[in-house]
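Colleague: Turn these sequences into a full structure, and let the hints steer you where they fit.
Residue numbers (the working numbering), protein chains in the order written: chain A, 1 to 402; chain B, 1 to 402.
No wet-lab data here; the hints were simulated from the structure. Since we're looking at a predicted model, the values are computed, not measured. It is possible that part of the hints are untrue.
Residues from chain B shown here face chain A by an in silico Cβ test under 10 Å; the list is partial [what the hints assert, rightly or not]:
| no. | residue |
| --- | --- |
| 1 | Gly26 |
| 2 | Thr35 |
| 3 | His41 |
| 4 | Leu56 |
| 5 | Ala62 |
| 6 | Pro66 |
| 7 | Asp84 |
| 8 | Arg225 |
| 9 | Met254 |
| 10 | Ile343 |
| 11 | Gly374 |
| 12 | Ser375 |
We put the beta carbon where it would ideally sit given N, CA and C, even for glycine.
Protein chains: 2
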Amino acid sequence: MHDIYKHLLRKNDKKIIMMVFDGLAGCIHPDYGATEMQAAHIPVMDEMAAKGAQGLITHVAAGIAPGSGPGHFSLFGYDPIATDVGRGVLEALGVGFELGPNDLAARANFATHDNAGILVDRRAGRPAQERTNYLCKLLEDNIKIDGYQVFVLPGRSHRFVPIIRGKGLSDRLSETDPQVTGTGIPDVKAMDPGAEHAASIANEFIRQARAILKNEAPQNDLLLRGWGMLPDPPIETFDRRYGLKAAAVATYPMYKGIARLVGMEVLDSGKTFEQEVETVRKHWDDYDFFYVHRKETDSAGHAGDFKAKVRELEACDPLIKELWGLGPGVMLITGDHATPTAIREHSFHEVPALFNGDLVITDHTMAFDEVQAGSGMVGHIHGTDVMPLLLAFAGRLLKFKS
Amino acid sequence: MHDIYKHLLRKNDKKIIMMVFDGLAGCIHPDYGATEMQAAHIPVMDEMAAKGAQGLITHVAAGIAPGSGPGHFSLFGYDPIATDVGRGVLEALGVGFELGPNDLAARANFATHDNAGILVDRRAGRPAQERTNYLCKLLEDNIKIDGYQVFVLPGRSHRFVPIIRGKGLSDRLSETDPQVTGTGIPDVKAMDPGAEHAASIANEFIRQARAILKNEAPQNDLLLRGWGMLPDPPIETFDRRYGLKAAAVATYPMYKGIARLVGMEVLDSGKTFEQEVETVRKHWDDYDFFYVHRKETDSAGHAGDFKAKVRELEACDPLIKELWGLGPGVMLITGDHATPTAIREHSFHEVPALFNGDLVITDHTMAFDEVQAGSGMVGHIHGTDVMPLLLAFAGRLLKFKS
Chain A
1 MHDIYKHLLR
11 KNDKKIIMMV
21 FDGLAGCIHP
31 DYGATEMQAA
41 HIPVMDEMAA
51 KGAQGLITHV
61 AAGIAPGSGP
71 GHFSLFGYDP
81 IATDVGRGVL
91 EALGVGFELG
101 PNDLAARANF
111 ATHDNAGILV
121 DRRAGRPAQE
131 RTNYLCKLLE
141 DNIKIDGYQV
151 FVLPGRSHRF
161 VPIIRGKGLS
171 DRLSETDPQV
181 TGTGIPDVKA
191 MDPGAEHAAS
201 IANEFIRQAR
211 AILKNEAPQN
221 DLLLRGWGML
231 PDPPIETFDR
241 RYGLKAAAVA
251 TYPMYKGIAR
261 LVGMEVLDSG
271 KTFEQEVETV
281 RKHWDDYDFF
291 YVHRKETDSA
301 GHAGDFKAKV
311 RELEACDPLI
321 KELWGLGPGV
331 MLITGDHATP
341 TAIREHSFHE
351 VPALFNGDLV
361 ITDHTMAFDE
371 VQAGSGMVGH
381 IHGTDVMPLL
391 LAFAGRLLKF
401 KS
Chain B
1 MHDIYKHLLR
11 KNDKKIIMMV
21 FDGLAGCIHP
31 DYGATEMQAA
41 HIPVMDEMAA
51 KGAQGLITHV
61 AAGIAPGSGP
71 GHFSLFGYDP
81 IATDVGRGVL
91 EALGVGFELG
101 PNDLAARANF
111 ATHDNAGILV
121 DRRAGRPAQE
131 RTNYLCKLLE
141 DNIKIDGYQV
151 FVLPGRSHRF
161 VPIIRGKGLS
171 DRLSETDPQV
181 TGTGIPDVKA
191 MDPGAEHAAS
201 IANEFIRQAR
211 AILKNEAPQN
221 DLLLRGWGML
231 PDPPIETFDR
241 RYGLKAAAVA
251 TYPMYKGIAR
261 LVGMEVLDSG
271 KTFEQEVETV
281 RKHWDDYDFF
291 YVHRKETDSA
301 GHAGDFKAKV
311 RELEACDPLI
321 KELWGLGPGV
331 MLITGDHATP
341 TAIREHSFHE
351 VPALFNGDLV
361 ITDHTMAFDE
371 VQAGSGMVGH
381 IHGTDVMPLL
391 LAFAGRLLKF
401 KS
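Modeller: Structure, rendered in structure tokens:
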């Protein structure tokens, strides 16, 4: 199908905004008898619902709670099952690291083991940022593996991203994070016969790191997961696939990483939603497509804080009006998955998708929420249909045959 | 799936009507604040909506505006992407020409070039019908290509259908219509290595035609597109695939052509919708399945004439009652694609499908339009699901396994 769409592309000056509230959707919270979207007072988005058309998105498949990676790949039109990129890759790209084809990246935590080598803290007492920065530099400067170069990028608090660069690596490696304390920490194992060498290099990295961290308790150990290398062949860019010059307006590393991977330019977007909207306005003439990401709805979902999630939607609502006021040909407001505060993790629930634009037929829905979206005219769509629909609503697809 | 359906077929005397309003669906017209279907006063179809069930059809895939060919193939249950038939074939079949397996057909215009060979009129001053008939006979009688037979069928006004019959032809040929004036007219090029010979024959046809038309200005040139040969292997007929003796009631060549290609008998249907309905009545006992096609809704869409499209639906409405009054087991009213007057071309918008019959469960929709169809009980279906549903609603499918 991608080849068919590609042959139908035409350019025009209609711009596309894809507004992604991370973990947007919820389910009924027993204490409140409503979803967060239902409870929120969001007159701007409700008015857009009244003028636009809604549907519900399944990002991967029925019943599946998507991770942020598959949730986003699906929205961007890339098969979320076939597009298999390790989290380490997304984190490395997200902090702006220029990942190359021989780079093996992982997502790492500093951790604490006791005298018997038993894992006692998976987050090493959540070290201060300066401490993490110091330890990452210590590792990067002192780990020496013959024929390989090592980078250690600090993340937030206990998190960091180790990258090993050299020949013959593979990301078909097991994770060392047992996910629970009170147990030992396993070695890296090869998941494919071709990954034996990479496993030995990864284990050598860990051996040296432990030696260096020996006297740095409580940061005396490390846990590695989300092994990844850049996809080969590379992922087709937004420009090639859709003929769109695309910009990403996001504040968290991973989402910047996904956006970079599909060829978006990541704009310097500040931290607040106000700054993000201002960033879109500033660059309005420079791009065809704007991906705008807001993380806090998901964070509130994970925290189980119903009121915080409602507050976040309400706080963003007036600024949505400013985004819409920029005059895109079509604007979509949706999420990459559900994170209901009643569940505190990603869930499989379908996510509302609200479309507005000249070619969008006004349906009968009057508010932006899960139930109204479920009876909207857009129906139940797969995430990978979102980009074709946005192109079509923007008048950017020609007729298929005569 | 086709084999599975085929094993479940059973015959009965329940008739099926598929009423296709070409380009039926629209989108909100800014001057009227409604779609054409919403604006039309169509009490008969609204009553059928109140008694029947509606849904929305995607003929090809999300965001894709189907050509008339793919739109119809999809409704008839043939994969609209895999079923790749050149427009020339459909036009030739449509005017009743008995196309054979060695025939290469195209869709052609008479055109005008100036003294410098520059295309100045893509329609050659829209010649009168007698003139076109005369020129086609002139070409047919005088073009001589060794080993090949040539037919030149007149179409309406400037249009005609050349057919070259002989060994070793291919339809993998480029079109010569530059779509704009003020430029030269390119030769035919082979799109596959195996089509080199066909390209040379096609170019010889053009060379001789130009020589013959030399002094016939403004009809001194020709443009060729939509090259096609009959599919090999042939398309499975309606009778074989569905066990249905099928009749087509259509007034335009192309739609007759598609119907012939899938094995329908094309009835002599006059020109008006009244005559079309009368044709169905006259042949009611002779067929199991009636495809009834009405072109004018699409023409009004292309013309951007909101009121004309509304008027056309309103004019047809009372006659729909007569079709329904014939007592089919199931009747579907739908379109092959959308042609919104606000866009003036085919669009990607889903098309309402209204089912009525004994086995159709009455849903809550009360009017026949895009938004009501979008909340109807049939849901969002692919065009290729229409025929299985019609067979089932007519009680013509057995249970699958015990």
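Colleague: Take the hints in turn and mark each one as holding or not.
Modeller: Hints versus structure:
1. At a threshold of 10 Å, the smallest CB-CB gap from B:Gly26 to chain A is about 8 Å, leaving the interface hint in force.
2. Residue-level restraint check for B:Thr35 holds (minimum Cβ-Cβ distance to chain A is 7 Å; threshold 10 Å).
3. A distance limit of 10 Å between C-beta atoms decides the matter here; for B:His41 the minimum to chain A is near 20 Å, and the interface restraint is violated.
4. Using the Cβ-Cβ criterion of 10 Å, the hint placing B:Leu56 at the interface with chain A is satisfied: the shortest such distance is roughly 7 Å.
5. About 4 Å separates the beta-carbon of B:Ala62 from the nearest beta-carbon of chain A, less than 10 Å, and the hint is met.
6. Contact between B:Pro66 and chain A, as hinted, is supported at the beta carbon level, the nearest pair being about 6 Å apart and thus within 10 Å.
7. Satisfaction of the interface hint for B:Asp84 is found here, the shortest Cβ-Cβ separation to chain A being roughly 8 Å, below the 10 Å cut-off.
8. With a cut of 10 Å, the hint placing B:Arg225 at the interface with chain A holds, because the nearest CB-to-CB distance is about 8 Å.
9. For B:Met254, the suggested interface contact is upheld, since its CB lies about 9 Å from the closest CB of chain A, less than 10 Å.
10. Taking 10 Å as the C-beta contact cut-off toward chain A, the hint placing B:Ile343 at the interface holds, the least distance being around 7 Å.
11. Residue-level restraint check for B:Gly374 holds (minimum Cβ-Cβ distance to chain A is 3 Å; threshold 10 Å).
12. The beta carbon of B:Ser375 is positioned within 10 Å of a beta carbon in chain A (closest approach about 6 Å), and the interface hint is therefore held.
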